[in-house]
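Visitor: The chain contents come next:
2 protein chains.
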Amino acid sequence: MGDQKLIKNTKMVEVAEQLIPELYTREVKPMGSVSIIADEQALQGWKVVPDIESDNWCGRTYGKRDSFVLDFGDHLVGYVTLSIQSVGSPQDAPLKLKMTFGEMPCEVAESFDNYNGNISSSWLQEETLYVDVLPAELKLPRRYCFRFLKVEVLDTSRRYQVMFNQASCTTVSSGDDARVEPLPANVPEDIRMMDYIAVKTLRNCMQTVFEDGPKRDRRLWVGDLRLQAQANYYTFKNYDLVKRCLYLFGGMRLEDGTVGACVYEKPNPQVDDINLYDYALLFVACLHDYYEASTDLSTLEELWPIAMEQLEIGLARLDVRGIVRDDSTWWSFTDWQDGLNKQTPAQAVLIYCLRRGKELAGILGLDKERHYIESKIELTVKAALEHLWDDTQCLFVSGETMQISWASQVWMVLAEVMPQEVNRSLMDRVFEQPPSIGMTTPYMYHHFIEALILAGNYDQAVSQIRAYWGGMVKDGADTFWELYNPADKKLSPYGSFLINSYCHAWSCTPAYFIRKYML
Amino acid sequence: MGDQKLIKNTKMVEVAEQLIPELYTREVKPMGSVSIIADEQALQGWKVVPDIESDNWCGRTYGKRDSFVLDFGDHLVGYVTLSIQSVGSPQDAPLKLKMTFGEMPCEVAESFDNYNGNISSSWLQEETLYVDVLPAELKLPRRYCFRFLKVEVLDTSRRYQVMFNQASCTTVSSGDDARVEPLPANVPEDIRMMDYIAVKTLRNCMQTVFEDGPKRDRRLWVGDLRLQAQANYYTFKNYDLVKRCLYLFGGMRLEDGTVGACVYEKPNPQVDDINLYDYALLFVACLHDYYEASTDLSTLEELWPIAMEQLEIGLARLDVRGIVRDDSTWWSFTDWQDGLNKQTPAQAVLIYCLRRGKELAGILGLDKERHYIESKIELTVKAALEHLWDDTQCLFVSGETMQISWASQVWMVLAEVMPQEVNRSLMDRVFEQPPSIGMTTPYMYHHFIEALILAGNYDQAVSQIRAYWGGMVKDGADTFWELYNPADKKLSPYGSFLINSYCHAWSCTPAYFIRKYML
Numbered sequence: 304m305g306d307q308k309l310i311k312n313t314k315m316v317e318v319a320e321q322l323i324p325e326l327y328t329r330e331v332k333p334m335g336s337v338s339i340i341a342d343e344q345a346l347q348g349w350k351v352v353p354d355i356e357s358d359n360w361c362g363r364t365y366g367k368r369d370s371f372v373l374d375f376g377d378h379l380v381g382y383v384t385l386s387i388q389s390v391g392s393p394q395d396a397p398l399k400l401k402m403t404f405g406e407m408p409c410e411v412a413e414s415f416d417n418y419n420g421n422i423s424s425s426w427l428q429e430e431t432l433y434v435d436v437l438p439a440e441l442k443l444p445r446r447y448c449f450r451f452l453k454v455e456v457l458d459t460s461r462r463y464q465v466m467f468n469q470a471s472c473t474t475v476s477s478g479d480d481a482r483v484e485p486l487p488a489n490v491p492e493d494i495r496m497m498d499y500i501a502v503k504t505l506r507n508c509m510q511t512v513f514e515d516g517p518k519r520d521r522r523l524w525v526g527d528l529r530l531q532a533q534a535n536y537y538t539f540k541n542y543d544l545v546k547r548c549l550y551l552f553g554g555m556r557l558e559d560g561t562v563g564a565c566v567y568e569k570p571n572p573q574v575d576d577i578n579l580y581d582y583a584l585l586f587v588a589c590l591h592d593y594y595e596a597s598t599d600l601s602t603l604e605e606l607w608p609i610a611m612e613q614l615e616i617g618l619a620r621l622d623v624r625g626i627v628r629d630d631s632t633w634w635s636f637t638d639w640q641d642g643l644n645k646q647t648p649a650q651a652v653l654i655y656c657l658r659r660g661k662e663l664a665g666i667l668g669l670d671k672e673r674h675y676i677e678s679k680i681e682l683t684v685k686a687a688l689e690h691l692w693d694d695t696q697c698l699f700v701s702g703e704t705m706q707i708s709w710a711s712q713v714w715m716v717l718a719e720v721m722p723q724e725v726n727r728s729l730m731d732r733v734f735e736q737p738p739s740i741g742m743t744t745p746y747m748y749h750h751f752i753e754a755l756i757l758a759g760n761y762d763q764a765v766s767q768i769r770a771y772w773g774g775m776v777k778d779g780a781d782t783f784w785e786l787y788n789p790a791d792k793k794l795s796p797y798g799s800f801l802i803n804s805y806c807h808a809w810s811c812t813p814a815y816f817i818r819k820y821m822l
Numbered sequence: 304m305g306d307q308k309l310i311k312n313t314k315m316v317e318v319a320e321q322l323i324p325e326l327y328t329r330e331v332k333p334m335g336s337v338s339i340i341a342d343e344q345a346l347q348g349w350k351v352v353p354d355i356e357s358d359n360w361c362g363r364t365y366g367k368r369d370s371f372v373l374d375f376g377d378h379l380v381g382y383v384t385l386s387i388q389s390v391g392s393p394q395d396a397p398l399k400l401k402m403t404f405g406e407m408p409c410e411v412a413e414s415f416d417n418y419n420g421n422i423s424s425s426w427l428q429e430e431t432l433y434v435d436v437l438p439a440e441l442k443l444p445r446r447y448c449f450r451f452l453k454v455e456v457l458d459t460s461r462r463y464q465v466m467f468n469q470a471s472c473t474t475v476s477s478g479d480d481a482r483v484e485p486l487p488a489n490v491p492e493d494i495r496m497m498d499y500i501a502v503k504t505l506r507n508c509m510q511t512v513f514e515d516g517p518k519r520d521r522r523l524w525v526g527d528l529r530l531q532a533q534a535n536y537y538t539f540k541n542y543d544l545v546k547r548c549l550y551l552f553g554g555m556r557l558e559d560g561t562v563g564a565c566v567y568e569k570p571n572p573q574v575d576d577i578n579l580y581d582y583a584l585l586f587v588a589c590l591h592d593y594y595e596a597s598t599d600l601s602t603l604e605e606l607w608p609i610a611m612e613q614l615e616i617g618l619a620r621l622d623v624r625g626i627v628r629d630d631s632t633w634w635s636f637t638d639w640q641d642g643l644n645k646q647t648p649a650q651a652v653l654i655y656c657l658r659r660g661k662e663l664a665g666i667l668g669l670d671k672e673r674h675y676i677e678s679k680i681e682l683t684v685k686a687a688l689e690h691l692w693d694d695t696q697c698l699f700v701s702g703e704t705m706q707i708s709w710a711s712q713v714w715m716v717l718a719e720v721m722p723q724e725v726n727r728s729l730m731d732r733v734f735e736q737p738p739s740i741g742m743t744t745p746y747m748y749h750h751f752i753e754a755l756i757l758a759g760n761y762d763q764a765v766s767q768i769r770a771y772w773g774g775m776v777k778d779g780a781d782t783f784w785e786l787y788n789p790a791d792k793k794l795s796p797y798g799s800f801l802i803n804s805y806c807h808a809w810s811c812t813p814a815y816f817i818r819k820y821m822l
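The listed protein sequences correspond, in order, to chains A and B.
So the first sequence is numbered by our numbering: it starts at 304 and just counts up by one.
So the second sequence is numbered by our numbering: it starts at 304 and just counts up by one.
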């Protein structure tokens with residue numbers, strides 16, 4: 304790692320850099336102060352109760368060890384300013400302050416000192432700082448992602464206290480609210496609410512790229528990009544931001560030509576050395592969707608060779624039977640689900656992307672490529688039905704252990720290897736006999752919903768959206784989360800729910816489903 | 304406190320603000336990394352040992368919980384820059400760093416978490432910060448006062464480590480090294496070393512005012528100013544900085560006209576509400592010394608009414624006998640010495656300042672004032688000899704308990720209430736029968752040395768300088784300290800020696816003694 308040679312197309316990266324968007328800003332003031340109280344009945348064990356005199360945080364005096372929690376009323380991404388003055392004798396020692404930012408109440412209620420998760424504690428949003436001269440308008444230089452802000456006065460001196468006169472957050476996003484069309488009046492309230500939260504989730508992830516989560520990890524991932532772009536076409540319609548992201552992925556690839564799973568913007572654009580089989584292929588689907596939404600032919604023409612190369616790289620993993628090889632040398636994402644075998648979902652992603660590649664080749668008038676891809680679709684579909692379909696159980700199986708998972712069925716439906724009616728009965732079957740290997744992320748749930756719709760089971764799709772994203776709404780989500788398991792609301796893939804992202808790109812697609820299929 | 308009405312002369316404050324000096328800067332690199340090892344034999348229990356490969360801190364890779372201590376080789380006041388880069392995969396999470404700055408090894412060796420002193424913990428110099436984008440040239444915005452810098456990598460991520468390419472400190476001072484004359488070649492090495500350290504102490508305290516300590520509390524105190532100014536006239540000769548400070552004190556006074564004990568520069572000049580009997584009077588001595596050194600008559604003319612007013616305020620405290628009243632309503636500094644009664648030292652400070660006031664009145668040709676002051680000198684000297692001199696013990700006594708202290712004898716010598724020969728035998732007497740109420744601060748020791756010289760006991764003065772400041776040199780002082788008790792080197796007036804100032808203005812006067820009397 305780190306020493307890997309990467310392919311860089313400077314011209315493409317320059318195109319991407321020319322497209323860095325200006326951000327829309329908005330000034331938000333806190334609603335007031337709140338108390339966060341342990342409550343086993345509340346989500347994650349913490350209940351938010353407005354303080355009796357919740358405006359009193361402003362203008363009160365605070366001394367050593369005093370603290371308060373501000374509730375900004377909604378999930379925000381932006382820059383915080385705090386006005387502070389001293390009270391009493393002149394300020395004869397620096398002010399020592401601690402600020403803790405939380406998307407969720409748990410983050411400001413539980414001490415970060417006990418954090419023992421397996422990703423970096425540096426994502427936990429806190430600052431300890433010294434103010435040498437009061438009064439001060441403290442402008443914190445870092446961007447935070449939060450609804451709650453805990454302010455702790457760690458020390459003043461015996462001769463002075465402090466007063467906070469104002470707090471505000473300047474939010475940032477490259478999503479233009481004015482471009483989002485209001486829903487028709489007849490849309491049910493719960494659907495309207497889900498759309499509202501989904502749009503907000505997308506907006507807060509839309510920065511100078513489509514970030515996966517504005518709290519963590521803030522990177523542009525091609526799999527997350529694809530879902531955000533789909534939601535974006537039905538909401539903010541920021542085509543240039545998608546174009547920028549496609550050029551970043553196209554302009555910086557791994558040594559063998561694979562589109563990297565994620566890229567960084569700073570200090571200079573660079574691709575990470577993570578190679579995910581499915582994510583690289585989904586570049587093709589993302590380009591397909593972009594062209595369909597924007598009809599931007601020149602971008603399609605320029606990026607097509609890279610898309611075609613992803614298909615070739617994906618096909619190179621086929622074994623003699625025409626099945627994606629499953630061994631210890633690869634990594635395909637699919638879902639965070641423990642124990643999930645990725646072979647069959649990966650085969651399906653390959654077919655799914657081959658189909659979109661074929662369509663693009665057609666648009667470009669590249670008959671040779673189109674026929675070639677068509678032949679590969681036939682090969683991989685045939686192989687899938689022959690080797691991955693279990694005739695006895697009437698389900699797709701995956702890997703050496705013939706694992707039956709939701710992911711395999713869902714992705715094979717999306718790959719359209721069987722006719723719609725058969726897919727519909729397949730989806731019915733998994734509801735009747737739910738595979739023990741379930742679904743964990745909203746990313747996987749998105750594909751599940753899309754599969755239900757594609758299989759013609761629209762009602763089930765809607766009720767599943769209501770059950771899953773609607774569950775987050777009932778649990779008080781301001782934005783949709785990285786992870787949601789109704790049976791375990793403290794679940795984290797990282798060993799601590801304090802570090803989960805609670806505004807996560809791949810969770811924003813209710814807006815896509817609602818606006819594409821439900822209106 | 305805080306609501307006290309203060310007198311502000313805007314014109315005088317403007318004169319002061321026009322004199323804000325440009326600071327001289329210098330770039331200093333660390334000598335290398337060191338280990339700080341517990342050692343009961345070492346000063347304050349901590350020994351500094353250069354690391355075997357002490358240049359290796361630079362260019363090595365550090366991961367979570369790794370740390371190192373840089374030794375910059377000398378006491379510095381300034382701004383720190385650190386160059387950091389990531390090593391390994393791209394930086395997929397912020398870098399969380401902690402930096403701890405120490406004037407002394409104890410500050411980087413002992414945890415600040417256990418600090419339980421009685422002044423604000425916010426003076427302890429540490430920062431915890433996050434670096435979102437690497438490589439970075441981290442320029443810390445606050446000024447630090449240190450020789451040792453401990454850098455702790457609190458977290459990176461599992462995918463990258465960090466490397467430090469460079470560290471430097473841009474020092475600041477309003478003292479121009481070029482103006483300090485080198486000592487003649489025949490000056491003994493130990494005296495030369497004391498002068499060197501004293502000049503450095505003064506330089507590091509000379510900022511936009513004469514600070515008392517650049518680490519803590521960074522204020523301009525009139526008592527400290529007087530000693531720094533005296534040393535300054537024999538070294539940096541920055542007359543304008545003294546003038547600025549005199550105008551700050553003159554321009555902002557307490558409600559009754561008293562010169563405040565200290566002033567702040569920021570955010571706007573303001574006087575603190577601390578009233579110290581002796582410090583207010585010493586404004587007169589400070590103005591006297593300034594005129595003597597600079598012959599700046601217009602400043603003397605402009606500030607004279609304020610000086611005269613201080614004498615009047617001081618005289619208003621006399622009782623019918625002509626003795627400074629000692630009750631619970633006042634505060635005079637004199638020294639940090641526990642249990643010290645301030646009456647007799649205060650009487651002596653009054654006489655000392657009346658004498659200088661009389662001289663200034665003479666220079667200004669103000670005969671009426673000169674005669675008035677002369678009459679008050681006679682009154683207070685006579686009263687002192689009648690009521691504060693114990694004929695049996697042949698010592699000055701102070702307060703209701705007739706306390707015998709070093710401070711009373713020293714200050715009465717400086718007040719010249721008795722002829723030189725009598726003063727000399729008085730000083731001899733205190734050496735023979737040392738009063739149990741001793742001396743604690745270098746500030747008090749300064750006056751002790753000055754009294755020995757004035758009493759004609761030059762040899763004793765030199766050997767006392769060697770014993771006291773020379774003791775600090777032997778203990779490894781880079782700059783002279785706020786407090787030095789050879790019998791208890793962990794002593795602190797604040798409950799923790801971590802928060803003592805180890806570069807303190809009132810400790811800089813060996814340069815004055817050496818250059819004024821010993822050359």
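Please keep in mind that the hints were generated in silico from the structure rather than gathered at the bench.
A portion of the hints provided could be inaccurate.
It does not matter which identical chain is meant; a pair holds if it fits inside one copy or across any two.
Straight line, CA to CA, 30 Å or less: simulated DSS-like cross-link-like pairs of lysine-lysine [as the list claims (entries may be wrong)]:
1. Lys793 with Lys367
2. Lys453 with Lys540
3. Lys308 with Lys350
4. Lys792 with Lys685
5. Lys685 with Lys777
6. Lys819 with Lys569
7. Lys401 with Lys569
Visitor: All the hints need checking, so say for each whether the structure fits it.
Guide: Evaluation of the provided hints:
no. : hint               : result
1   : Lys793 with Lys367 : between (33 Å within a copy, 26 Å between copies)
2   : Lys453 with Lys540 : neither (36 Å within a copy, 50 Å between copies)
3   : Lys308 with Lys350 : neither (50 Å within a copy, 47 Å between copies)
4   : Lys792 with Lys685 : neither (41 Å within a copy, 86 Å between copies)
5   : Lys685 with Lys777 : neither (44 Å within a copy, 88 Å between copies)
6   : Lys819 with Lys569 : neither (34 Å within a copy, 59 Å between copies)
7   : Lys401 with Lys569 : both (27 Å within a copy, 23 Å between copies)
In terms of the numbered hints stated before, the structure departs from hints 2, 3, 4, 5, 6, listed from lowest to highest.
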